[in-house]
Each structure stands twice: as C-alpha cells, then as structure tokens.
Amino acid sequence: MLTKKQNLIDLLSRVAILVVVVAVLAIIKTESFWTVENIRQVVFQQAPYTILMAFGMSLAIISKGIDISMASVMVLSSYLSAKFFQQGNYILGILVAAGIGVGFGISNGLLISKIKIEPYIATFSIDFIALGLAYVVCNGKYIYGFPAGFRSLTNGSLIFGFPNIALITMAVFVLLYILTRKTTYGRGLYSIGHNKEVARLSGMKVDQILLSVYVINGVLAALTGVLYLSRLNAADPSIKGSLTMDSIAAALIGGIPFGGGKGSVLNTVVGALIIIFIRNGMNIMNISTNWQSAVVGFVILFSILYEILLKKLMIALGKKKEYM
Amino acid sequence: MKKIFALLITLTFLVTTLAACSGSTSKDAANPKEEATKQKEIVVILKNNTAPFFISVAEGAKAAGEELGANVTVKTPVETAEGSGNEQQIQLAEETIVSKADCVVMCPVDSQAIIPVMKQLKDANIPVVNLNTRISDNTMYKTFVGLENYNQGYDTAKALFEGMGKKGKIFIIEGSTGAQTSIDRVKGALAAVEEYPDIQVVAQQSANYSRAEAMNVVQNLLQSYPDVNGIFCCNDEMALGSVEAVDAAGKTGSILISGQDANDDACAAIREGKIYVTSFGNPYMQGYTSVQAAIDLLGDKEVKDFYEVQTLVVDKKNVDTFKDKK
Amino acid sequence: MLKRIKKLDVSGVAVGDIVLFLFFCVAAENFLNGYNFILILRNSCTLLVASIGMTLAILVSQIDLSVGSVVSMSAVMVAILNNAGCPLILTILATLAMGALVGLINGILISKFKLDFWVVTFSTMSIMAGLALVIADGATVSTQNEVLDFIGNGKILGVYTVIWITALVCAIMILVLKKTKFGYNVYSIGGSATVAGVSGVKVVKNRTMVYVLSGIFSAISGIMIAGMTNSGSPTVGNEYTFSAMAAVVIGGTSFDGGKGGIVGTICGTLLLKILASGLSLMGIPSTWQKATIGIVILVLIITDVVSEKRKNIKGLRRVYQDVD
Amino acid sequence: MAMNEENVILKMTGITKRFPGTLALDNVHMTCEKGKVHVLLGENGAGKSTLVKIISGEYTRDAGTIWYDGKEVNFTDVRQAMAAGISMIHQELSLLPERTIAQNIYLGHEPMKKGLNAVIDYKKMVRDSRELLEKLGVDLDPNIQIKKLSIAQKQMVEVVKALSFDVKLVIMDEPTSSLASREIEKLFEIVRKLKKDGVAIIYISHRMDEIKCIGDCVTIMRDGQYIDTVDAATVDLDVLISMMVGRKIEKMYERNYCKPGEVVFETENLTGLRFRNVNIKVRAGEIVSLSGLVGAGRTEIAKAVFGYDPIDSGKVRLMGKEIKRPVPIKSVANGMGFLPEDRKNEGLILPMTISENMVSACLKKIFRNGFLNARKECEIGEKYVEYLKISTPSAEKTVGELSGGNQQKVVIGKWLETGCKFLIFDEPTRGIDVGAKSEIYKLLDSLTKEGYGILMISSEMNEVIGISDRVYVMKEGEITGELNRGDLTQERIMHYAIEGKERINA
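These protein sequence lines map, in sequence, to chains A, B, C and D. For reference, each letter of the first sequence is one residue, going 0 to 323 in numbering that gives the first Met the number 0. For reference, each letter of the second sequence is one residue, going 0 to 325 in numbering that gives the first Met the number 0. For reference, each letter of the third sequence is one residue, going 0 to 323 in numbering that gives the first Met the number 0. For reference, each letter of the fourth sequence is one residue, going 0 to 505 in numbering that gives the first Met the number 0.
Hints listed in this document are in silico derivations from the structure and should not be mistaken for laboratory results. We put the beta carbon where it would ideally sit given N, CA and C, even for glycine. Among the clues, some could well be false.
Here are the computed distance ranges between Cβ atoms for each label pair [unchecked claim]:
hint : chain 1 : residue 1 : chain 2 : residue 2 : range
1    : B       : G164      : A       : F159      : 32 to 40 Å
2    : D       : L139      : C       : K313      : 15 to 23 Å
3    : A       : F161      : B       : G252      : 25 to 33 Å
4    : B       : G272      : A       : V19       : 39 to 47 Å
5    : B       : E193      : A       : K140      : 58 to 66 Å
Please take these sequences and the hints and turn them into a complete structure.
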C-alpha cells in the first residue's frame with residue numbers, strides 16, 4: 000500500500016512541476032507559447048525523440064543499471080540503415096537498424112548479466128565502440144534526401160491532428176507501460192531493481208530479464224534513429240547531441256531514482272516534457288542557449304528538495320505505522 | 000564457461016561490425032609511411048573528421064601531397080565534442096614534435112587555447128602553416144591559408160538581404176558556443192546588418208552546428224516570430240535543419256534561408272529553392288593550398304603571409320557551375 | 000613486493016598498462032621516446048587530478064558528476080579574474096574556494112539532507128556547466144600571465160610544472176588515504192556507512208569533506224588547464240566527468256566503495272592516455288581510434304572481472320582447506 | 000530486589016521513545032551494577048534494542064533521565080558514550096569485510112602517532128590488537144582480512160572490538176545468535192572475566208538456557224513497557240516466558256511424528272566449494288537436520304543443492320529425478336524451496352508488499368498468461384496472512400515493516416504457494432522471539448503432516464533435538480555421523496561435530 004501511495008505522490012509531484020513550468024511560460028509568453036500550434040509542436044514533434052530514448056534509460060535505471068550507449072547506438076543504426084531507406088528498401092533498412100540495435104543490446108546485456116561488469120562501465124565502452132564505428136561509416140559523407148513515403152513516417156499523420164511520430168511514441172509508451180506494470184516480466188524487472196539476489200533465489204530468470212532490458216534499449220535506440228532520419232531527411236552524426244544527458248535528466252526529473260525498482264515510464268514522459276518545455280520556452284523568449292543547462296540543473300535540484308518536503312509531510316501525517 | 004561463451008559472442012559481434020565498416024574506409028587506413036625516407040613529413044591537423052567540409056580539406060591536402068611529392072598525414076581529434084577537441088589538438092600538435100614532422104598545417108578549434116603549444120613548435124623550430132581559422136597570435140605561424148570567415152559571413156548575409164528586398168526580420172543561428180568560425184561569421188553578418196537599416200535581427204540562438212537542434216530551435220523561434228523573413232545560419236547543416244522546420248510550418252519560399260560551406264546537400268536544397276544562398280569556402284582548395292604553402296616554406300621559397308582562398312556566394316544561378324572554377 | 004602489488008588491487012590494470020606500453024613501443028615508431036613519455040604524463044595530469052576527486056567519491060560508494068563542469072568553471076574563472084587584473088594568487092585561491100564551495104553544497108545536500116547523490120551532483124553538474132558558459136559568454140576567454148603560463152607550460156628541473164603538481168597531489172593523497180584518520184574513515188564509510196556510524200566515525204562530516212576535496216581537485220585541474228592553454232574554455236571539462244569515472248573504475252576502484260585507491264586511478268588514467276597517444280602515433284585514422292579505445296577498455300575490464308571471480312572462488316576453497 | 004547504591008553504574012528512569020506512529024518505549028526503567036550481568040529479556044519489538052541504543056547514544060530519548068557513573072548524562076552520539084566507557088556488541092555484525100582484524104577492532108578510535116596527530120600508528124594498532132586477542136583467548140592474526148573469517152570468528156572479533164578500549168559497561172545484543180556451543184563457552188569465559196574486573200554487562204538474548212548460565216538478574220520487557228526485574232538464580236524459566244510473551248506457552252517443541260513417505264530429496268557423493276562426498280536423504284513427512292559447528296559447511300551444502308553456488312561433482316535428485324548442474328530456476332521448477340538464513344537480504348524484497356512477495360516465487364504459475372492480476376494477488380496474500388497468522392493490518396503492507404517472525408512467515412508462505420514438496424530451512428528461528436518460535440515449529444510440524452520433506456540447518460541444539468526425525472552431523476565439510484530420533488542427545492551430536500568419525504570407528 001505504502002509503496003503504491005508513495006509512487007503516486009512522487010508522480011503527482013512531478014506533474015505539478017510540469018504544470019508550473021507550463022503555466023509560467025503561458026503567462027509570460029502567452030501569444031507565442033500558449034498556442035495550440037506551439038504546444039502541438041513541442042509535444043508531438045520535438046518531445047518524442049527524447050521521450051523514446053528516456054524510456055530506454057528508465058528501464059535500465061529501474062533494473063538498477065544505466066545505459067550510456069543508447070545515443071551512439073542510435074547514430075550508428077541510423078547511419079547503416081540510411082542507404083536502404085533512401086533506396087526505398089524499407090524492410091532491409093528496418094532489419095539493419097533493428098539488427099544493430101539488438102546486436103549492441105545483446106553485447107551490453109551479456110557484459111552486464113553474465114560477465115557481471117558494472118552497467119556504467121560496460122555501456123561506457125560500448126558507447127565508444129558504437130560512436131567510433133559511426134564515425135568510421137559516416138566518414139563525413141552525409142546521406143541526404145529520402146523518399147516522401149519515408150518522410151511521412153514523421154511528418155504525415157494518419158489520424159487528424161496526431162502526427163505519426165506522436166502515435167508511434169504513444170504506442171511504444173502503452174506497450175512499455177503494460178509490459179513493466181502489468182506483466183510478470185515487469186514484476187521481475189522491478190524485483191531485480193530492488194534486490195537481485197532475492198529475485199535469483201526466487202527462481203526468476205534474472206539474467207534473461209537484464210539481457211532483455213538492454214535489447215529493448217537497443218531497439219528503442221534504433222527506432223529513434225530511423226525516426227530521426229525521417230524527420231531530418233538526413234543521416235547526421237551530430238544528432239547524438241546531448242541525448243544521453245537529456246534522457247538521464249528526464250528520468251531523474253521524472254522521479255526515477257538510481258536506487259532501482261522505483262518509478263515507471265509514466266514518470267519518464269513527465270520528466271522529458273519538463274525538459275523540452277524549458278528548452279522551448281527559452282528559445283521563444285530568445286534567452287541565450289548558455290543558460291539552458293543551468294536552468295535544467297536548477298529544476299532538478301528544486302524537484303528533489305520538493306520531493307523531500309513531500310516525504311516529510313507524509314510522515315508528519317503519520318501514515319506509516321512502524322513495527323519495531 | 001558461460002562467461003567465456005558470452006564474451007565470445009560479444010566480441011565476435013563487435014569484430015564483425017568492425018569488419019563490416021572497414022570496407023568504407025580502407026583508403027584512409029592505409030598510411031603512407033613507405034617512402035617516408037626521402038619525402039618531407041607534413042602533418043595536417045584539422046578540427047574533426049565528421050564534417051563534410053573538413054573531409055574535403057583533408058582530400059585537398061592529400062592530393063597536394065601526392066602531386067607535389069610530400070608525405071602528408073592528416074590528424075584530427077577523436078572527440079568531436081567542443082572543448083575536448085581543442086585539448087586533443089594540443090596533444091596531436093605535441094606529437095608532431097615527437098614524430099619530428101618537418102612542417103605542421105594547423106587548423107585550430109580554439110584560436111586562443113592553441114597558442115602555447117604553437118610556442119613549443121616554434122621552439123622545436125617546426126614551421127607552422129595556419130589554415131582556415133586564424134591563430135590569435137600571428138607570430139606563431141609563417142603564413143595563413145584560408146578565407147576570412149568574417150567576409151564569408153558578410154557576403155552571404157548581404158546576398159540574403161538583397162534577396163529579401165533589403166528589409167525584414169531575420170534569425171541568426173549560431174554554431175557551437177565558443178567555435179571561432181561561428182563567432183567570426185556572425186560578426187560578419189552583423190556588420191552587413193548595419194548597412195541595411197530595414198533589416199532587423201529578432202533572435203540569435205545557437206544550434207551547435209547540428210541539423211537536429213537547428214530544426215527544434217527554428218521551430219520554436221517561429222512560434223514567437225511568425226513574421227520572420229530570413230534565417231542566417233552559420234553552416235549548411237543548420238540551414239538544412241531550418242529548411243525542415245520551415246517546411247513543417249508550411250512557409251517554404253516565404254522565408255529565405257542562407258547557409259555556409261555549400262556542401263552537396265545544401266546545393267541540392269538550393270536547386271529545389273529551399274535554401275536561398277550559401278557560400279563556397281572551397282575546402283578542397285584550402286587543403287591543397289595549405290600543403291603547397293608548407294612545401295614552399297620547406298623549399299625556402301618566398302611565401303606570402305596570407306593566401307586568401309576565394310569564397311564564392313552560391314545561389315540558384317551558379318549552383319551547378321561553381322565547383323568547376325577551383 | 001609482489002604481495003604489495005596484489006594488495007593494491009590494481010594488478011589487472013597495471014599489467015594492462017605495461018602490456019599496451021610495450022605493444023606500442025614495438026608497433027608505433029617514435030612511441031618509445033623519452034619526450035613522448037613525458038608528453039603522455041603531461042597530458043594525463045589534468046584528467047588525473049580531476050579523477051582523484053572522483054576516486055574519493057567512489058571510495059565512499061558515491062559519485063561526483065559535477066567534476067567536469069567544475070573543471071570548466073575554474074578554467075574560465077581563472078581567465079576572467081586574471082583579465083580583471085586580480086593578482087594571480089588571489090585568483091587561484093578564489094577558484095579553489097569556488098571548487099570547495101560546490102563540493103560543500105554537494106556534500107551537505109547528500110550527507111546531511113540525505114538526498115540521492117546521483118541527482119544532486121547531476122544538478123550541480125548542469126548548473127556549473129551552464130554558469131561557466133554564461134560568465135564566459137559562450138566563447139573561450141584568453142588571458143596572459145607569466146606565472147600562470149609557468150604553471151601550465153614551464154619546467155622545473157626539466158620536468159613540466161604540471162607533472163610536479165600532479166605528482167605532489169597524488170603522493171599526498173596516497174599518504175592521506177593510507178595513513179591518516181581521514182583516509183581510514185573514507186574506507187570505513189565506503190565499506191559500510193552504518194557500521195562506521197555505530198563505531199563512532201563522523202560519517203556526515205567525512206562524506207562532506209570528500210565532496211569538498213573533490214571540488215578542490217577539480218578546481219586545481221581547471222587551473223592547470225587554464226595555465227596550459229593560457230585561456231579558459233567553458234566547455235573544456237565536458238568529457239572529464241565520464242573519462243574520470245572510467246579512469247577510476249578501470250583502475251579497480253569499485254562502485255561498491257571501500258575498495259581500491261589512488262594508485263589504481265593513476266594506472267587507469269595512464270591507460271587511457273597511452274592508448275590515445277599510441278594509436279595516433281601508429282597512424283591509425285582518428286575515425287578508428289574511438290572504437291579501438293572502447294574495445295581495449297572492454298577487453299581489459301572483462302579479463303579483470305573474470306580473474307577476480309576466479310580469485311574469489313579460490314579464496315573460498317582455501318578457507319575450507321585451512322580448516323582441516 | 001536489593002541493590003547497594005555505590006555499586007550502581009547505570010540508572011535509567013521513565014525512558015520514553017516515540018517513533019513515527021508508534022511508542023517504542025513507554026516509561027521504562029532499569030538499573031545496572033558493576034560486575035553484574037543484567038539480562039534484558041523480551042520478544043522482538045518489545046523495545047530491548049531501542050533501549051540499549053539509547054544507552055549507547057545511537058538514539059536520543061524523548062523523555063526520562065539516565066544516571067551513569069554517578070552523574071546524569073545525555074549522550075547525543077555514539078562517540079560520547081564510547082568516551083564514557085560504554086561499548087556495544089551489535090546483533091548484526093558491525094565489521095568491514097575488506098579491512099583487517101586490527102583495523103576493525105580499532106575502527107573509530109584508531110591509535111594516533113605521538114606528536115603528529117591525525118596520522119595513524121598501524122604498528123601500534125596491530126601490536127595492541129594482538130595482545131587483546133591473546134588476552135581474550137581468541138587465536139587469530141590481526142592482519143587477516145575480515146572477509147576471510149568464518150561467521151563465528153567474526154562474532155568473536157566483534158566481541159574483541161567492543162572491549163578494545165577501557166569499558167565500564169558492555170552491552171551485548173544477542174552475541175551468541177551465530178555461535179555454536181564451543182564458541183559460546185569461550186564467550187562466557189570472557190563475560191566472567193569482565194565480571195571479575197567489575198565491568199557491568201547488559202545481555203540481550205533469546206536463549207533461555209543462557210540466562211541461568213551467566214545472568215545475575217533479569218529485566219523483562221513487553222511491547223515497549225517495563226514488566227519486572229527478577230533474580231536470575233531463583234526464577235523459573237516458564238514464568239519468565241509467560242511474563243515476556245504475556246501468555247502461557249504450553250509446549251515449545253510440538254511434533255507428532257508421522258510415517259515417512261517416499262524419498263523427495265537425495266544427494267550422492269556431492270562435492271562442492273566447502274564440502275565433499277555428502278550423501279543426504281530426505282523423505283516426505285520428515286524433518287531432517289544438518290547439525291555441526293558454524294563453518295562446518297552446512298549452509299554451503301544447502302546453497303549448492305539449490306543452485307546458488309556451483310557444484311564440483313556428485314548428483315542431486317529431487318522426487319527421484321536427477322538435476323544436472325542445479326540453478327535456482329530449475330530447483331524451484333522442480334519443487335524445491337529455500338528459506339535463507341539472511342531473510343532481509345536473500346529471502347524478501349523489503350520495499351514490496353506482503354502479497355507481492357508471496358507470489359514472487361511463482362509468478363509464471365499463478366499468472367499463466369503473463370499478465371498480473373491485482374485481485375488474485377491480493378487474495379493469495381490475504382489467504383496466507385490468514386493461514387500463517389501473520390500479524391499485519393493488511394496484505395498490502397510492505398514487508399520491511401514486519402517483525403522478524405512475521406517476515407519468516409512471509410518467506411514460508413512464498414514457498415508454500417509454489418506448491419513445492421521439499422523445503423530447506425536455514426536457521427529458521429534466527430532472531431525470532433520465543434512466541435513466534437513455537438508457532439514456526441508448529442508450522443513445520445503441520446507441513447510434515449501434509450507430506451512436505453524438510454531439511455533444516457540449525458545451530459540451536461534444542462530445536463534440532465526437539466523437532467528432527469533424523470540428524471546429519473557435519474565436521475569440516477564432511478558428514479561425520481547420522482543419528483535417528485531415538486538416540487538424539489546433545490553429547491552425541493557434539494561428539495560427531497567436534498571429534499569427527501575417527502574416534503567412533505576406533
């Protein structure tokens with residue numbers, strides 16, 4: 000009971016932050032920020048990429064790990080698959096992208112679950128390898144111009160008002176949410192996050208689950224890569240940008256602690272939206288980009304202090320009866 | 000046992016990927032150490048190995064090396080992130096002292112931070128040819144090869160404003176914070192703005208030379224300044240990002256976009272009329288000339304202290320022809 | 000002697016260093032060259048000093064993500080203050096104070112208010128990174144000062160000043176950790192904070208101290224960079240946090256805390272730098288270097304982990320055999 | 000009872016401590032004399048640990064006064080208490096595995112080099128600890144790392160650590176919980192030595208037999224309240240028990256033996272990390288115990304057959320079916336259950352709810368289609384709360400909030416739900432109070448009636464003798480003897496455990 004209540008409160012507190020951010024922006028920049036067009040753009044066109052990546056990061060963190068390599072895997076997979084999409088050979092393109100994603104996912108997974116290397120250091124070196132290979136492959140030649148059909152993957156919209164990219168993200172979200180919260184697999188995942196030993200001694204397939212987490216991350220990375228291809232109409236190593244940091248930040252702001260076993264992909268969405276809205280707002284207000292990371296930092300700091308306050312409040316309310 | 004197995008799988012996967020990728024770069028991998036004995040060693044240090052611009056600089060340099068009979072090695076930082084790139088350039092420069100290069104062609108990430116190591120080269124009396132981006136202390140190099148990023152920015156901006164009919168609002172999209180080229184080009188553009196009283200800069204934001212970020216930034220800016228008429232970008236990647244953003248807003252044609260460097264993607268976009276103007280820095284020529292200058296130096300020939308590579312404003316008219324007049 | 004090395008808990012990496020070194024001596028011409036060796040050392044200095052702070056943090060089973068941005072911040076600060084005509088000694092003191100302050104904030108938030116160290120240091124990281132950009136206005140700040148230049152590029156007895164400084168710092172910290180009360184407390188807290196607490200170790204005070212030191216070392220590193228480049232770049236520290244963590248963990252200091260030490264970190268840092276230098280002297284195109292570095296790190300870690308396991312199992316058996 | 004004032008070293012009156020939502024201590028008082036062992040008795044949750052932690056400065060009291068050594072004191076942290084000569088032997092070992100014995104003994108008060116402060120004199124540290132170890136008759140080299148020691152040895156180091164500075168009052172919180180008889184004797188010698196030196200001792204224990212053995216007077220607590228203080232020599236144990244439980248416990252070890260069924264579990268020349276050639280048989284309806292000194296390799300066997308540690312050679316058969324290189328997944332699937340010694344870290348996921356823990360070992364079995372079903376989960380939880388009499392308001396409480404006994408019940412429920420037929424209990428009643436103990440024993444008994452086969456590992460002689468059908472005794476990784484219910488005596492077991500088989504054959 001307590002845990003569930005706790006989670007709910009955590010989540011609500013994050014939502015509150017989001018609301019505050021949006022409200023502030025809406026008030027000071029009503030005409031340009033608080034427009035359907037802008038909100039649609041931020042939520043449906045800019046946020047999805049960060050959100051998708053942050054999903055992966057969150058899964059890793061929930062299992063008491065971390066995945067530094069996702070962004071690089073994304074770059075590599077988008078590069079290797081670009082040519083095929085360009086030739087309109089979608090199936091092959093998807094296969095290649097997925098292949099890269101799964102491949103690196105398995106590498107990460109095996110290193111962490113079987114060889115038992117610190118997730119941080121394992122994914123750190125995989126990150127080097129993936130990005131390095133991306134450089135090798137790209138070698139300065141950007142791949143540009145994709146068939147309209149492929150572009151419509153992100154630009155077009157099957158259901159009016161909902162760009163496909165948004166639909167895809169929602170689909171992924173629903174899938175992941177059900178997978179993590181409603182299935183035995185998800186229960187296993189959280190158990191591992193809380194206490195790997197107990198999970199193992201309870202006959203859970205710890206290694207397989209861990210492996211699967213990183214494979215999912217790989218696939219998510221590949222997906223994001225392909226979507227970027229479609230959005231930017233080009234394969235470009237600079238898309239890595241600050242995605243790793245952003246997705247970690249999204250998880251943290253969303254309220255997924257590195258302790259493992261807590262939070263859900265719902266938190267991730269909230270966290271990601273907070274960051275993206277801050278970015279959007281600062282652009283709109285034409286504040287120098289230099290300020291962005293500082294502001295994000297302050298928001299994170301604020302969010303935790305605020306969480307502590309809530310916890311204190313709850314205890315004060317004396318919900319918790321302790322057996323000695 | 001299991002661990003060994005897992006280890007094997009992982010490594011085999013990595014190796015195969017490596018192999019898969021190796022095809023595309025075998026030519027780079029070959030290192031021209033064979034006839035090192037008699038030929039002059041010229042080390043060309045560039046900013047990175049991912050931007051098309053520097054790839055063709057490298058090609059130009061290598062070509063010059065082969066034609067004029069010098070042993071040219073191109074080195075770039077591994078880390079392309081701003082800042083660390085600079086630190087690694089220093090490292091690379093120091094290594095040229097170790098490997099006793101005869102001459103170094105330097106294209107610094109950071110005009111300031113590179114100076115101390117340039118001093119070291121001076122002490123080791125290895126002559127330096129400064130390429131593309133000026134080193135702040137002009138006693139550190141024998142000659143400068145390249146274009147004035149300032150002029151390039153100025154010319155492009157002018158062309159853009161003319162296209163806009165001498166009036167309207169513009170965005171300026173900067174490159175990575177701290178990058179010299181970006182700083183100079185923006186200066187140039189602003190200088191041009193001075194000359195056009197009816198041109199007004201409404202927003203100035205960085206997009207880290209990245210297409211993706213430019214797209215987001217422009218999308219966001221368009222929200223607050225929907226009535227903008229032109230976008231000045233510090234490189235083509237960002238210009239192309241802006242193109243996508245403008246497309247998405249359905250304003251193609253009504254907003255003129257200018258880039259820099261004239262890479263293939265940008266030229267394609269110009270043909271489609273999506274980018275209005277860019278400017279050709281002729282990277283190949285820059286690379287070539289720099290090595291040429293280096294060889295002259297070593298051959299004790301007279302060298303000018305500035306070889307300006309002509310920049311060329313590229314628009315629909317000359318987009319198909321400009322490359323011929325190298 | 001051999002026993003010593005074993006005690007240091009870094010045998011794996013140390014061996015790795017030597018192997019790589021020998022390999023490059025053969026493979027890369029000009030590598031085996033006194034001057035080059037000096038260069039490798041010199042290039043290791045800044046990262047090494049920053050990593051020492053990280054080592055302390057990881058020894059108390061925590062992490063200081065703010066290292067990198069404090070490095071940037073101090074470099075910028077030195078440049079700006081110096082340009083403002085502030086006497087160098089004051090400049091340096093102020094910078095150190097800044098580092099200490101950031102550390103203090105981290106330490107208090109983490110150990111006193113019991114906030115999650117990932118989140119806290121992550122936010123201070125973003126904040127400092129942002130502020131560095133802001134005060135430097137996004138561009139490198141150049142500065143001139145003989146003494147500063149001497150610190151960065153000068154030599155004492157034919158050896159670079161930075162190397163002396165670094166050597167000094169390392170020596171002091173090794174002694175501190177081995178011999179002093181504080182060092183003992185660091186290992187005790189790392190081993191188990193609760194145990195240390197009930198045994199009368201001032202956990203809060205010592206943890207805070209660790210972060211303060213970490214901040215100071217980052218500041219020193221930043222000052223050295225400012226000296227080496229006669230300028231302060233607001234992004235120079237970007238890679239430091241991750242590289243430092245890598246150096247520390249490669250050096251055999253585990254995230255569990257209470258195990259490892261400075262010597263390991265030195266080996267780890269050297270490893271990274273030897274790789275970088277060796278590969279580029281071998282004339283391997285930089286496109287390939289990143290991937291290669293990743294793979295080498297991975298292989299090293301794997302061998303280390305696997306051999307560690309073997310040792311442990313042997314240990315179990317031995318205990319049993321001792322019994323009869 | 001009588002008490003001569005000048006001998007009194009500690010006097011506490013009206014001690015009250017409130018934790019969020021609960022009143023841990025309610026107006027408790029207690030008085031200790033120099034050279035006397037004052038036993039503190041009470042069930043888990045009675046507030047014993049809280050009380051002693053207030054004395055040692057780990058907790059601060061909300062109300063009440065403490066006179067220590069003549070003056071009123073108010074310790075706000077451990078260091079002050081240590082400085083005043085109060086030291087504590089913690090229930091859960093407070094040692095750092097990576098550090099050496101010497102470093103652990105002097106942890107927190109390392110000897111400094113004369114002259115330069117803040118620098119530690121390791122040589123002196125080693126010298127002193129060697130003396131100390133010899134003085135207390137513990138034969139260990141102070142330079143060994145703690146992680147290389149057996150649990151019993153660690154416990155002894157813990158004791159030495161507590162006596163490493165001049166103490167006036169020593170608090171021992173269940174010091175014998177992980178010791179076998181031989182070490183316990185050694186510990187008692189130390190206690191007697193301390194008594195001679197006029198040191199006062201507060202001794203917390205669940206083992207009734209120990210009270211008579213070393214106790215001078217006994218203070219009983221229940222639900223955070225002071226019940227009574229009696230003279231250990233004269234008091235009757237049953238009275239004590241009824242006082243601490245608050246009700247009469249009719250019979251501790253209740254066992255109606257039933258006719259064993261077919262063999263459910265069997266090992267053949269099993270050899271592993273720390274045991275060799277082990278042959279064990281467990282039939283349905285049997286409770287078979289593995290006895291022996293701590294470190295004889297009993298737990299190792301259990302962990303190995305369950306697949307937690309690797310096996311070198313030999314066979315493991317479950318329900319007559321051989322399991323090649325066992326791993327937990329297989330063992331569970333084949334109907335084996337393992338209740339580890341360390342419940343908190345290996346048995347339960349503390350932050351999760353009772354129901355969630357209950358189903359954790361058989362998710363696949365309950366939710367066949369792979370989807371969780373909150374209601375079903377909750378029902379299962381409630382079912383076991385009901386059946387195992389777990390004292391909790393609801394099955395949705397997090398396990399971390401339960402007492403040791405109830406946590407153990409949750410672990411049992413977790414395995415019952417898997418429908419396994421063979422259970423391994425590693426120290427089933429470690430850290431569980433008398434009341435809950437007898438319930439656990441009843442539970443074991445009823446399980447055998449339902450045809451479960453049970454392998455029990457225990458260091459508590461009485462429970463081994465009390466409820467086992469058969470006992471295998473181990474010494475240094477080998478089975479040295481097998482005893483049937485008929486001829487189970489403490490002497491015989493200890494004989495095999497210490498002498499080994501040689502003597503018997505001879």
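A quick look at each hint next to the structure:
Separated by about 37 Å at the C-beta atoms, G164 (chain B) and F159 (chain A) satisfy the suggested range of 32 to 40 Å. Between L139 (chain D) and K313 (chain C) the CB atoms are about 21 Å apart, so this pair conforms to the stated range of 15 to 23 Å. For the pair F161 (chain A) and G252 (chain B), the beta carbons lie near 27 Å from each other, so the given range of 25 to 33 Å is met. A hinted range of 39 to 47 Å holds for the C-beta pair G272 (chain B) and V19 (chain A), which are about 44 Å apart.
Our hint of 58 to 66 Å for E193 (chain B) and K140 (chain A) is violated, since their Cβ atoms are close to 38 Å apart.
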